[in-house]
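So the protein sequences, as listed, match chains A and B. Residue 140 in my numbering is what sits at position 140 of the first sequence, and the numbering runs on without skipping anything. Take any residue in the second sequence, note its place counting from 1, add 1000, and you have its number in my numbering.
No wet-lab data here; the hints were simulated from the structure. No experiment lies behind these values; they were computed from the predicted model shown. Just so you know, not all the hints are guaranteed correct.
Incomplete in silico selection of chain A near chain B, CB under 10 Å [said to hold, decoys possible]:
1) E52
2) A84
3) V238
Think of the CB as a built atom: it goes at the ideal place given N, C-alpha and C, for glycine as much as any other residue.
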Amino acid sequence: MRGGWFKVYAIGYLVFLYAPIIILPMFAFNDATVIAFPLTGFSTRWFSAMLEQPALHIALKNSLFIAVVSSVLATTLGIFASRATTRYRFPMKAGLMGLIMLPLVLPEIIVAVSLLVVLLGLGVSLSLWTVILGHVLICTPFTIAILSSAFQSLDQSLEEAAYDLGESPASTFRLIILPLVMPGIISSLLISFTISLDEFIIAFFLAGTEPTLPVYIFSQFRFPSSVPVIMALGTVLVCMSIVLLACAEYFRRRGIAKAGGKNTGGFL
Amino acid sequence: MMNAESRWAKLRRTEAANGLLMISPPAIYAILMLAAPLGTILLYSFLTDGYLEIIRDFTMANYVEAWTNELYRSVMVRSLGVSMTVTLVTVLLAFPIAYFVSFHVDPSKKALWLFLITIPFWTSYLIRVFLWKVILGYNGVVNSGLLGLGIIDEPLTFILYNVNSVVITLAHAYAPFAILPIFVALEKIDRSYLEAGQDLGESRFMTFIRVTLPLTMPGVIASVLIVFIPTIGDYVTPQLVGGPEGRMVANLIQLQYLKLDNYPLGSAIAVSAMGIVTLVSLIFIGLNRRYLKGPK
């Protein structure tokens, strides 16, 4: 590998990027109530304390429900959009795609307050489903980013061959296209699941009385005594999301390889 | 054969219809859940706040309040300053990384590097922000480290609960967003251009300035926008590490909506913030127009 100084800089940069994640387990396993240096001793008591908090379990269950439903809905919408944008030319394409991709750059608080105003205006009471409405909105652009590269690398002649052999558009989609983009779909499900599980602002505004995991974590920051448990929880979450992301990356790469494309980059 | 032929003709003829049909589920969702709500807050920002309900009186009062009240104006100016600083810092720090991964990393290892860079971005945002508080705090990592090394005599206090800590934390949070677009732009550069530059007698540095940099500008512009626009609306970071003097516009919006129940004023602040961001972004794109027109 060339570029000595660049490499030194890159490693320094990675240390900056990973600093919080390296510190997190230190405090999760530290035997002290105060989150500060020096560390006082090894302990797993925050992890066992974590298992004895019913409020946390409820929040986790809410978050998992929201994340599963949102990732399925967002990926479904993403499949339609990616198929449309890679396969067809149609009027207003740029405008419609721009609107669908807008949540990628729009501050989440704007999405949250605008949905809140409309839902309250319509008399819809806030629940886990209102959070799902918002999460689908912000996950869809990410699913499209992943799925369009899967759809893009499809060889259109395979599809034409299926039509020539007498398959209907629906059966062609099911028999030819779907299996080829399946790795992309799995990758997109995993990414949306991760985004939804971690999303705070929209859930904070739209969850009503049923907190999600991030809303619960945020509320616990106010009580210094419950922070060590949050550090333990954070350690578990970080491990979980690294596993999920590694799976997502594996499927994304396999999908591109399957369709005969070459791997050009990351998730975004 | 005839049958297949005519079927293809039919499919082609209705390509636009098929495309619209295919895009309709996500498009209708985005119109109902995004465009309509955005339209609604725009409308609300011109209405009057009653105590328990919104009064349907058209007024500019909310905008007058949002733009003339000293408190709101100072928060707005600060948010804009913070996002611009964060954008500058993030993009400047990100460029060498993107350059390193694109030009100096073995092609088989590029995906691994990108994966390493993106992982921190996907791990619990709230906990990451909270940990910056631990790193920058009075008894934090930075202070105990510097004290231990004897570089300082007493803990630094200017690195937490002010604008500095907000900038550091946001620069950390948005790093991958800045790296990826620049990386993609660098990857697209035909390496033979660079050889041509050096064959024609330019130094490596001048080749970088005159060939690489202009060709990378679309990526740089994309990363500037993708960092600048969302950071101005960040709520968690100013709330947790900003302290009273680090509050930003999202905290103000949250206050108006959830605490004071003043939807019209909250909407006017939100619309104003988005208006300013859009304007700054358009000016920025306008200034860099010549880089975006390149051959497709």
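Checked hints:
1. Given the 10 Å rule on beta carbons, the hint for E52 of chain A is violated: about 20 Å separates it from the nearest Cβ of chain B.
2. Because the closest C-beta pair between A84 of chain A and chain B is about 4 Å apart, less than 10 Å, the hint holds.
3. For V238 of chain A, the shortest C-beta to C-beta distance to chain B is roughly 5 Å, which falls under 10 Å, so the interface hint holds.
Violated hint: 1 only; the structure is consistent with all others.
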